[in-house]
Amino acid sequence: MTLLNRRAALKLGLAGGALLAAGPALAQLEIVVEGANFQPLPIAIPDFASSDPQFGRDVAEIVRNNLRRSGLFLPLDVASLPQQVGDVNAQPDFPSWRAVNVDGVVMGQVERGAQIQASVRVWDTRQQAQVVGQQLATDAQNWRRIGHIVSDAIYQSLAGGTGYFDTRVVYVAETGPKANRVKRLAIMDQDGANVQYLTQGNSLAVTPRFSPNNDYVAYMNYDTGNPQVYVLHLASGQQQQVGNFGQMTFAPRFAPSGQRLAFSVEQGGATNIYSLDIGSGQPVQLTSGGAIDTSPCYSPDGSRLIFESDRGGSPQIYMMGAGGGEPQRISFGSGSYSTPVWSPTGDLIAFTKQSGGQFSIGTMAPDGSNERLLTTSFHAEGPTWAPNGRVIMFFQDPGGNEGPGLHSIDIWGRNLLRIPTDSYASDPSWSALRS
Amino acid sequence: MQTFASIAKAVRYLALATLVVAVAACSRTPDTMPTGVGNAAGAGAPGSQQEFLVSVGDRVFFETDSSSLTSEAQATLDKQAQWLNRYQNYQIMIEGHADERGTREYNIALGARRASVVVNYLVSRGVGANRIQSQSFGKERPVAICNDISCWSQNRRAVTVVR
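In order, the protein sequences belong to chains A and B. One point on numbering: in the numbering used here, the residue at position 268 of the first sequence is 268, and numbering is uninterrupted. One point on numbering: in the numbering used here, the residue at position 160 of the second sequence is 1160, and numbering is uninterrupted.
Worth flagging that the hints you see were computed from the coordinates, not collected in a lab. Keep in mind it's a predicted model, so treat the numbers as computed, not measured. Even for Gly, the Cβ is constructed at its ideal location relative to N, Cα and C.
With beta-carbon atoms standing in for the labels, derived distance ranges:
id, chain 1, residue 1, chain 2, residue 2, range
1, B, Glu-1072, A, Gly-289, 26 to 34 Å
2, A, Glu-402, B, Ser-1071, 30 to 38 Å
3, A, Ser-288, B, Tyr-1087, 33 to 41 Å
4, A, Asp-367, B, Ser-1055, 54 to 62 Å
5, A, Gln-358, B, Ser-1071, 28 to 36 Å
6, B, Ser-1071, A, Asn-202, 35 to 43 Å
7, A, Gly-289, B, Asn-1085, 31 to 39 Å
8, A, Asn-202, B, Ala-1129, 29 to 37 Å
9, B, Glu-1072, A, Gly-161, 50 to 58 Å
10, B, Tyr-1087, A, Gln-196, 42 to 50 Å
11, B, Ala-1129, A, Asp-347, 45 to 53 Å
The task is simple: from the sequences and hints, build the whole structure.
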C-alpha cells in the first residue's frame, strides 16, 4: 500500500470513528482504526540536518517520540535506515528507501539563531512525491517546542485534524504520606518535559483548569479557612480569588470565550452551579436546591453547560443552557457518572463512571447515546481532552500507599500510555495548541 | 505563670499527637504503626480537649455516599453536644471527609454535606451556631490507608475539633 493510500485510509478511518452507523461503504475503514487489525503507519525519520548535529538528533528524537506516542505512527529505528541524517534540499533516493520497504520519509533541518528555524519535508517513496513541505520557527528560549511544532505539522498532514504536541498540561503534583499529602500545582509540556511548580505546597491546591488562551489557570485553593476558586496568571504568577461566595467555591471551568467562569458554590451542605462574568465579578446562580451540582463544563460553542448532579439519587450527567434553565439528564447507563468534559470538537462528552466497584473513563455523544468505556480499573478519574479531540488524559490511583499517576488513551480505546511525572500526579488539564 | 501555660499547652498538644498516632494505628500501613508511645493517653481532666477526644469521641462515621446520621452517630453527637454545652469556652470546627471511592469534586461536596448535617444536629441539641464552623476535605485527608471497606469506612467521617 502506498503512503498516500495509507494516509487516506488513516484520515478517513479516523473520521469514520464518528460515523459508525454510516453504512456498509465505510465498513472497511472502520476496521482500519477500530479493529484489532489497525497498524500504525511506519515512517522513517532520520536525524535532522544541523550545524550542531547533536541538536539535529535531539529535535528528531522529540518528533519520533511524539509520533510513536500518538499510536498512529511507527517511527523506524534510525540505525536501520539507508540514510541517518536528513537532507531537505535534495530529492530522496527513492529506490534505496523502497528497498527497505519504507513508504514515508521525513527530512528535516534545524538551526539556532535569534529564533529556532526548521524546515521539514515528508516524502511518499512510492509516488516519488512530496506530501508536506514547511518552514517553521519558534523562539530560542524553549528549543523543545520546535520538535513539537514539526510533529504537529507531520501529524496534521498525514492523520488529518489538528495536532496536539505543542501543548502543555497543568496538574496537581502530590508528595508525602497519603494521610497528609502535599498537593501543589505544576505545569509541564505534554510529553512530561519542562516541569515547573506554580504553588508552594503550604496549602492544598486541586483541580486546575486552563483558560482557552492558555494564559490563566483556575483552581481550588485551601489557602484561607474556607476554600475558594482562584485564578492564576501564568506569566506573572499573580493570582486572585474570584469572589467569596457561600462557604466554599470549587470545580471551576472557563467558558470558551475566556470571559466567564462556571463553578460550584457550597452553602449549608447544598452545592449549586454559578457562573461569573470575570470582568464585572457579577455571579449568576444557575441551579438551586439541596442536591450536589458540580463539575460544570461548557459546550465548545458556549451555549450549553453539562454538569454532575445527585438530584435523582446517584451522581448523573445533566445538560442545561449556559444561562441556566431546567436541566435534562443525559446519562442513563448502570452506575454513576461524574466529571463530564465536552470535547473541543463538540462531538463527544468524556466522563468518569463508577460501576461494580470499578472506575471507567468513557465517552458518549452529547445526547447521551453511544456510550463507550475506554478503560476500566480500580480507580480512574478526571478526563481532559487534547485540543484535537482524539486523545484523553486522566489520572489513575492504584490505592493503598501508592499515589496517582497521569495516563492517556485515544478515543478508540487504544494506546493507553503513562505520562512521565517526577511525583505522584492528578487532575490533568490539557492546554489548547500554543501556536 | 507563662511557663506553666506553655507546659499545659504542650501537654495538650502531646495528648492530641498521641491520639493521632492511635488512630493511625487502625491503619494497616506498617510505617504508621505507633512506636513506643506508652500510656500517655489517659482520660484527660474534665473539660480538657483530651477528655473530649477519649471519653466523648470526636468523630462519627457514614455509610457509602450517604450523609445520614446512623443511630450510633447520633448517640456520639448527643454526647458531644452535652460536653460542648457544659464547656462553653471552646470554638468548634466540623471537618467533613469522604472515602476515596468517588471523584475529587463530588467528594468535596459530599464532605461539606456531611459536615453540615453534623453542624445542624449539634445546633438542634443546643450548641450555639456562632461557635461552630465547618470545612470539607473531600477525599484529600484519609486516616486509614488500604484498598477495602475496613479503611473506607473509617475515612467516611465528620470530625469535631475543639479549640
